[in-house]
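**Q** By the count of our numbering, the sequence shown reaches residue 409 at its end, each step adding exactly one.
If you are wondering where the hints come from, they were derived from the structure by calculation, not from laboratory data.
One or more of the hints may lead you astray.
Unchecked claim - Computed list of lysine-lysine pairs in PhoX-like fashion (alpha-carbon distance at most 20 Å, straight line):
| # | residue 1 | residue 2 |
| --- | --- | --- |
| 1 | 337 | 324 |
| 2 | 161 | 42 |
| 3 | 229 | 300 |
| 4 | 212 | 250 |
| 5 | 261 | 300 |
| 6 | 173 | 331 |
| 7 | 74 | 26 |
| 8 | 161 | 41 |
| 9 | 249 | 212 |
| 10 | 300 | 249 |
| 11 | 128 | 41 |
| 12 | 249 | 227 |
| 13 | 343 | 324 |
| 14 | 295 | 261 |
| 15 | 250 | 225 |
| 16 | 331 | 26 |
| 17 | 261 | 249 |
| 18 | 250 | 300 |
| 19 | 261 | 343 |
| 20 | 41 | 105 |
| 21 | 249 | 295 |
| 22 | 128 | 48 |
| 23 | 128 | 42 |
| 24 | 225 | 249 |
| 25 | 300 | 227 |
| 26 | 212 | 105 |
| 27 | 250 | 295 |
| 28 | 300 | 225 |
| 29 | 161 | 48 |
| 30 | 26 | 337 |
| 31 | 105 | 128 |
| 32 | 343 | 26 |
| 33 | 227 | 250 |
| 34 | 250 | 261 |
What the hints assert, rightly or not - Okay, the calculated beta carbon distance ranges per label pair:
| # | residue 1 | residue 2 | range |
| --- | --- | --- | --- |
| 35 | 321 | 290 | 15 to 21 Å |
| 36 | 296 | 348 | 15 to 21 Å |
| 37 | 399 | 192 | 38 to 44 Å |
| 38 | 189 | 94 | 39 to 45 Å |
| 39 | 73 | 217 | 52 to 58 Å |
Every value quoted in this text rests on a predicted model; they were computed, and no experiment measured them.
Cβ coordinates follow ideal geometry from the N, Cα and C atoms, glycine included.
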Amino acid sequence: MEVNDPENMEENFGKNILPLSAVENKYLPGTGPIEVLLFYKKNTSISKLEESLFRAIQYYNLFSSRLIMIGQDKFALQYCRDGVVISVLHPVDMNFDNINIDDIKRMMIHVKTLPGEPLFAVTGIPIKDGVLGAVSCSHAVCDGISLMLFLYVWNCIIEDKSFPFPSTQRLFKGNPVSSDKISKIFTPLLSELSSEIQERVQRGTSIKTYTKTEYFTDEFLNEMKNKAKSENGNYTISNNQIMNAFLIKKYHHNIMPDADKIIIRIPVDLRNINPDIDMFYIGYAVFNSLTEFNKEEIDKMSIPQIAYRLKESINNVRNESFVKEISYLSKYGVEIKADILEKCPPYNVDTDIVSVNLTHLNDIESLFLSPGAGRILYIGVASVKTNFAILKEKNGRMFAQITSRYPLM
Numbered sequence: 001m002e003v004n005d006p007e008n009m010e011e012n013f014g015k016n017i018l019p020l021s022a023v024e025n026k027y028l029p030g031t032g033p034i035e036v037l038l039f040y041k042k043n044t045s046i047s048k049l050e051e052s053l054f055r056a057i058q059y060y061n062l063f064s065s066r067l068i069m070i071g072q073d074k075f076a077l078q079y080c081r082d083g084v085v086i087s088v089l090h091p092v093d094m095n096f097d098n099i100n101i102d103d104i105k106r107m108m109i110h111v112k113t114l115p116g117e118p119l120f121a122v123t124g125i126p127i128k129d130g131v132l133g134a135v136s137c138s139h140a141v142c143d144g145i146s147l148m149l150f151l152y153v154w155n156c157i158i159e160d161k162s163f164p165f166p167s168t169q170r171l172f173k174g175n176p177v178s179s180d181k182i183s184k185i186f187t188p189l190l191s192e193l194s195s196e197i198q199e200r201v202q203r204g205t206s207i208k209t210y211t212k213t214e215y216f217t218d219e220f221l222n223e224m225k226n227k228a229k230s231e232n233g234n235y236t237i238s239n240n241q242i243m244n245a246f247l248i249k250k251y252h253h254n255i256m257p258d259a260d261k262i263i264i265r266i267p268v269d270l271r272n273i274n275p276d277i278d279m280f281y282i283g284y285a286v287f288n289s290l291t292e293f294n295k296e297e298i299d300k301m302s303i304p305q306i307a308y309r310l311k312e313s314i315n316n317v318r319n320e321s322f323v324k325e326i327s328y329l330s331k332y333g334v335e336i337k338a339d340i341l342e343k344c345p346p347y348n349v350d351t352d353i354v355s356v357n358l359t360h361l362n363d364i365e366s367l368f369l370s371p372g373a374g375r376i377l378y379i380g381v382a383s384v385k386t387n388f389a390i391l392k393e394k395n396g397r398m399f400a401q402i403t404s405r406y407p408l409m
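I would like the entire structure built from these sequences, with the hints used as guidance.
**A** If you want it as structure tokens, here you go:
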């Protein structure tokens, strides 16, 4: 198959080689992974955790090979050389309460969305009262919601429970192509990729990290909600919006000192809005709510005012008519219309902050962990300059972390 022969590739779509969507092809190659840290405290052997993971992978066929666009009419193959990379590290003689999450993030295996790179990696670390699991997932596999659905199924298999069928809208049907059968033309060197992809990779190799963590009590969050009501009776705001507003107001001069404006992007799950999209669609099905502030506004506005503007922006996207205007189902999955992508391209590293919106994880048991099974510690997206991660801390307090990953002034 010739790399510049789209017609020939069309004949093979859905067989061994599967296409990515326009968003996945244009904006995601060269980016860092989606990552999740989990604590599983049930008395379950490492071998059963591994066996259950392989069953989930086989059932959802996550690692069928995909084409990545690496230039104008030029494609390369992304495949997983070993199906999934699994690393079980030596046990750590600590209880969960004494574990430093940042230490675990440094120990885990990280994947990339690049030709010839693995699609998925799991790092297991036994500790005194359970197992820590660190999952790193290429953007070519799915979005963050898909990954959570997959983890839900993994947990069901671990606990011998029934689990839902994956969506036929984007159930990968191809097979992995073994590395010894792949022509070298499909695994090009970095220098052969488009300049846009090379720039993304280079930005990720010279990372300096600025990170600040703030802890939030229920008393503070309730105080902000009451203050919002006193400022304006319409100001009903969530914990997530309050924490995002607090972080951006306190730290925007530190993380983006040279920017005149800041755009906060909060991913919105299209599965919950467009009735045409299956709830278990595996792939990329999110669209960002964009909220723009200039620096002076942020300094002048109160935390409730900033939070309410975030809420209004999200509401504008969470609209069935709007979602149907911007997205549609093709035979390869959910597509965002090209003209929308031109107006709202994902991620300007000079001005944008992405909120890893974890409000839906406040009720973890409803997502995938049964009572007493464990918890989600962290979800991160490494493909953007600056992001918020909002989580539940070990003693039940909420904490939020703002991270800027590129050199700062």
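**Q** Would you mind marking each hint as holding or not holding in the structure?
**A** Tested hints:
The suggested pairing of residue 337 with residue 324 holds, with an alpha-carbon distance near 10 Å, which does not exceed 20 Å. A hinted pair counts as satisfied when its Cα atoms are at most 20 Å apart, and residue 161 with residue 42 qualifies at roughly 15 Å. Note on residue 229 and residue 300: the hinted pairing holds, with a Cα-Cα distance of about 19 Å set against a maximum of 20 Å. The hinted pair formed by residue 212 and residue 250 meets the criterion: a straight-line CA distance of about 10 Å does not exceed 20 Å.
In summary, the hint linking residue 261 to residue 300 is supported, as the alpha carbons are separated by about 14 Å, within the 20 Å threshold. Annotation: proposed proximity of residue 173 to residue 331 holds, straight-line Cα distance about 12 Å (limit 20 Å). Among the hinted pairs, residue 74 with residue 26 is consistent with the structure: their alpha-carbon atoms are about 12 Å apart, no more than 20 Å. Under the criterion of a C-alpha separation no larger than 20 Å, the hint pairing residue 161 with residue 41 is consistent with the structure, at around 18 Å.
Note on residue 249 and residue 212: the hinted pairing holds, with a Cα-Cα distance of about 13 Å set against a maximum of 20 Å. For a cut-off of 20 Å, the pair hint linking residue 300 to residue 249 stands: about 9 Å separates their Cα positions. Restraint check: the Cα-Cα separation between residue 128 and residue 41 comes to about 9 Å, which is no more than 20 Å; the hinted pair holds. With a C-alpha separation of about 16 Å, the suggested pairing of residue 249 with residue 227 holds against the 20 Å cut-off.
A threshold of 20 Å between alpha carbons decides the hint, and for residue 343 with residue 324 the separation of about 17 Å falls inside it, so the pair holds. In summary, the hint linking residue 295 to residue 261 is supported, as the alpha carbons are separated by about 6 Å, within the 20 Å threshold. Note on residue 250 and residue 225: the hinted pairing holds, with a Cα-Cα distance of about 18 Å set against a maximum of 20 Å. A C-alpha spacing of about 19 Å is found between residue 331 and residue 26, which places the hinted pair at or below 20 Å, so the restraint holds.
A distance of roughly 13 Å separates the Cα atoms of residue 261 and residue 249; the hinted pair therefore holds under the 20 Å criterion. Of the supplied pair hints, the one linking residue 250 and residue 300 holds, its CA atoms being roughly 12 Å apart against a limit of 20 Å. In summary, the hint linking residue 261 to residue 343 is supported, as the alpha carbons are separated by about 17 Å, within the 20 Å threshold. A threshold of 20 Å between alpha carbons decides the hint, and for residue 41 with residue 105 the separation of about 19 Å falls inside it, so the pair holds.
Restraint check: the Cα-Cα separation between residue 249 and residue 295 comes to about 9 Å, which is no more than 20 Å; the hinted pair holds. For a cut-off of 20 Å, the pair hint linking residue 128 to residue 48 stands: about 18 Å separates their Cα positions. Distance hint between residue 128 and residue 42 is fulfilled; the C-alpha atoms sit about 12 Å from each other, no more than 20 Å. For a cut-off of 20 Å, the pair hint linking residue 225 to residue 249 stands: about 17 Å separates their Cα positions.
For a cut-off of 20 Å, the pair hint linking residue 300 to residue 227 stands: about 16 Å separates their Cα positions. Only pairs whose Cα atoms come within 20 Å are accepted, and residue 212 paired with residue 105 is accepted, the gap being roughly 16 Å. For the hint linking residue 250 to residue 295, the alpha-carbon distance of about 12 Å falls within 20 Å, and the restraint holds. Our distance criterion of 20 Å between C-alpha atoms is met by residue 300 and residue 225, whose separation comes to about 19 Å.
The straight-line distance between the Cα atoms of residue 161 and residue 48 is roughly 14 Å, inside the 20 Å bound, and the hint therefore holds. Taken as a hint, the residue 26 and residue 337 pair is honoured in the structure, with Cα atoms around 13 Å apart against an allowance of 20 Å. In summary, the hint linking residue 105 to residue 128 is supported, as the alpha carbons are separated by about 19 Å, within the 20 Å threshold. For the suggested pair residue 343 and residue 26, the alpha carbons sit about 14 Å apart, so the restraint of at most 20 Å is met.
Taking the CA atoms of residue 227 and residue 250, the gap is near 18 Å; set against the 20 Å cutoff, the hint holds. At roughly 15 Å between alpha-carbon atoms, residue 250 and residue 261 fall within 20 Å of each other, so this suggested pair holds. About 18 Å separates the C-beta atoms of residue 321 and residue 290, a value consistent with the hinted range of 15 to 21 Å. In this structure the supplied range 15 to 21 Å holds for residue 296 paired with residue 348, their Cβ-Cβ distance being about 20 Å.
Taking the beta carbon of each, residue 399 and residue 192 are about 43 Å apart, inside 38 to 44 Å as hinted. The supplied range of 39 to 45 Å is met by residue 189 and residue 94, whose beta-carbon atoms lie about 42 Å from each other. Distance hint for residue 73 and residue 217: a CB-CB separation of about 55 Å, consistent with the stated range 52 to 58 Å.
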